[in-house]
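Everything in the sequence shown is counted per this note's numbering, starting at 13 for the first residue and increasing by one.
To be clear, the hints were calculated from the coordinates, so they are not data collected in a lab. From a predicted model like this one, the values you see are computed outputs, not experimental measurements. Hints are not guaranteed to be accurate.
Cut-off 16 Å, straight-line C-alpha distance, at most; resulting in silico cross-link-like pairs (EDC-like, lysine to aspartate or glutamate) [to be verified]:
id: 1; residue 1: K89; residue 2: D111
id: 2; residue 1: K56; residue 2: D36
id: 3; residue 1: K120; residue 2: D77
id: 4; residue 1: K156; residue 2: D66
id: 5; residue 1: K156; residue 2: E31
id: 6; residue 1: K25; residue 2: D66
id: 7; residue 1: K56; residue 2: D66
id: 8; residue 1: K25; residue 2: D77
id: 9; residue 1: K85; residue 2: D36
id: 10; residue 1: K51; residue 2: D77
id: 11; residue 1: K85; residue 2: D111
id: 12; residue 1: K155; residue 2: D113
id: 13; residue 1: K51; residue 2: E145
id: 14; residue 1: K155; residue 2: D36
id: 15; residue 1: K153; residue 2: D77
id: 16; residue 1: K156; residue 2: E145
id: 17; residue 1: K130; residue 2: D66
id: 18; residue 1: K30; residue 2: D88
id: 19; residue 1: K25; residue 2: D36
id: 20; residue 1: K78; residue 2: E31
id: 21; residue 1: K58; residue 2: D77
id: 22; residue 1: K112; residue 2: D77
id: 23; residue 1: K51; residue 2: E146
id: 24; residue 1: K58; residue 2: E146
id: 25; residue 1: K51; residue 2: D66
id: 26; residue 1: K123; residue 2: D111
id: 27; residue 1: K153; residue 2: D66
id: 28; residue 1: K78; residue 2: D111
Taking CB as the label site, the calculated pair distances span [unchecked claim]:
id: 29; residue 1: K153; residue 2: T27; range: 17 to 27 Å
id: 30; residue 1: Q80; residue 2: R102; range: 32 to 42 Å
id: 31; residue 1: G132; residue 2: R44; range: 32 to 42 Å
id: 32; residue 1: K19; residue 2: D88; range: 16 to 26 Å
id: 33; residue 1: T82; residue 2: S133; range: 37 to 47 Å
id: 34; residue 1: K130; residue 2: E31; range: 35 to 45 Å
id: 35; residue 1: Q152; residue 2: R102; range: 31 to 41 Å
id: 36; residue 1: A38; residue 2: G100; range: 28 to 38 Å
id: 37; residue 1: S133; residue 2: Y91; range: 38 to 48 Å
Glycine included, each C-beta is placed from N, C-alpha and C at the ideal position.
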Amino acid sequence: MDTLSYKTISANKETSQKEWIQVDAAGLSLGRLASGVAKLARGKHKTNFTPHADCGDYVIVVNADKIQLTGNKWNDKLYIRHTGYPGGQRSLTAQQLFDKDPIRLIEKAVKGMLPKNKLGSQLLSNVHVFSGEEHQHTAQKPKKIDINAYI
């Protein structure tokens, strides 16, 4: 009996089958949407999930301008950055960031739910967010899914 045939096969970049998935963000809560998108981009919904490899799918998020925040988070939630100079701490509320660019609100939420390393940066490049219904990836024929099944 050949015991080498019982070895567990670890998925890698070459063996993973990537799909294009489209998610509609209209009326969804920001955190729940970002959690589901991060799971899809990471590949945790697949049976061949491997923590150290990019085996997730390409995720397209449409209607980012119709996202919901509960409670008073539009005014209370702060996005803080630093310019690098003394006294250079700057902050924006969620409403200010949303008014400037609604895409960045979702991208920041998804980025916070991915690993903080090179793999996380690579996985974030597989997430494409658009503020309207139209997107430029129609040639890939993305599969439309309900994100609530992956939360």
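Now for the hints, and whether the structure bears them out:
1. A hinted pair counts as satisfied when its Cα atoms are at most 16 Å apart, and K89 with D111 qualifies at roughly 14 Å.
2. Proximity of K56 to D36 is assessed by CA-CA distance (about 20 Å); at most 16 Å being required, the pair is judged violated.
3. A hinted pair counts as satisfied when its Cα atoms are at most 16 Å apart, and K120 with D77 qualifies at roughly 14 Å.
4. For the hint linking K156 to D66, the alpha-carbon distance of about 21 Å lies beyond 16 Å, and the restraint is violated.
5. At most 16 Å may separate the alpha-carbon atoms for a hinted pair to count; K156 and E31 meet this at roughly 11 Å.
6. At roughly 6 Å between alpha-carbon atoms, K25 and D66 fall within 16 Å of each other, so this suggested pair holds.
7. A C-alpha spacing of about 11 Å is found between K56 and D66, which places the hinted pair at or below 16 Å, so the restraint holds.
8. For the suggested pair K25 and D77, the alpha carbons sit about 33 Å apart, so the restraint of at most 16 Å is broken.
9. For the hint pairing K85 with D36, the CA-to-CA distance comes to about 21 Å; that exceeds 16 Å, so the pair is violated.
10. Of the pairs offered as hints, the one joining K51 and D77 is violated, with about 22 Å between alpha carbons and a cut-off of 16 Å exceeded.
11. As the CA atoms of K85 and D111 are separated by approximately 14 Å, the hinted pair is consistent with the 16 Å bound.
12. The straight-line distance between the Cα atoms of K155 and D113 is roughly 26 Å, outside the 16 Å bound, and the hint therefore fails.
13. For the hint pairing K51 with E145, the CA-to-CA distance comes to about 22 Å; that exceeds 16 Å, so the pair is violated.
14. Using a Cα cut-off of 16 Å, the hinted pair K155 and D36 holds, with the two alpha carbons roughly 11 Å apart.
15. Straight-line distance between C-alpha atoms of K153 and D77 comes to about 23 Å, which puts the hinted pair past the 16 Å bound.
16. Restraint check for K156 and E145: the C-alpha separation of about 12 Å stays at or below 16 Å, so the hint holds.
17. Only pairs whose Cα atoms come within 16 Å are accepted, and K130 paired with D66 is accepted, the gap being roughly 11 Å.
18. Between K30 and D88 the CA atoms are separated by roughly 38 Å; this puts the pair beyond 16 Å, and the hint is violated.
19. Taken as a hint, the K25 and D36 pair is broken in the structure, with Cα atoms around 27 Å apart against an allowance of 16 Å.
20. A hinted pair counts as satisfied when its Cα atoms are at most 16 Å apart, and K78 with E31 does not qualify at roughly 25 Å.
21. Taken as a hint, the K58 and D77 pair is broken in the structure, with Cα atoms around 29 Å apart against an allowance of 16 Å.
22. Of the supplied pair hints, the one linking K112 and D77 holds, its CA atoms being roughly 11 Å apart against a limit of 16 Å.
23. Pair hint K51 plus E146 does not hold up; C-alpha atoms about 23 Å apart against a cutoff of 16 Å.
24. For the proposed pair K58 and E146, the alpha carbon gap of about 28 Å is over 16 Å, so the pair is violated.
25. For the proposed pair K51 and D66, the alpha carbon gap of about 12 Å is at most 16 Å, so the pair holds.
26. With a CA separation close to 20 Å, the supplied pair K123 and D111 exceeds the 16 Å bound.
27. As the CA atoms of K153 and D66 are separated by approximately 21 Å, the hinted pair breaks the 16 Å bound.
28. Only pairs whose Cα atoms come within 16 Å are accepted, and K78 paired with D111 is accepted, the gap being roughly 12 Å.
29. A hinted range of 17 to 27 Å for the beta carbons of K153 and T27 is consistent with their spacing of about 22 Å.
30. Judged by the Cβ atoms, the range 32 to 42 Å given for Q80 and R102 is violated: they are separated by roughly 26 Å.
31. Evaluation of the 32 to 42 Å hint for G132 and R44 yields a failure: the beta carbon distance comes to about 20 Å.
32. A beta carbon spacing of about 52 Å between K19 and D88 contradicts the range 16 to 26 Å that was offered as a hint.
33. Hint check: T82 to S133, Cβ distance near 29 Å, so the stated range 37 to 47 Å is violated.
34. A beta carbon spacing of about 23 Å between K130 and E31 contradicts the range 35 to 45 Å that was offered as a hint.
35. At about 37 Å, the CB distance of Q152 to R102 agrees with the hint of 31 to 41 Å.
36. At roughly 37 Å, the beta-carbon separation of A38 and G100 lies within the given 28 to 38 Å, and the hint holds.
37. Our hint of 38 to 48 Å for S133 and Y91 is violated, since their Cβ atoms are close to 19 Å apart.
When the structure is compared with the earlier hints, violations turn up for hints 2, 4, 8, 9, 10, 12, 13, 15, 18, 19, 20, 21, 23, 24, 26, 27, 30, 31, 32, 33, 34 and 37 and for no others.
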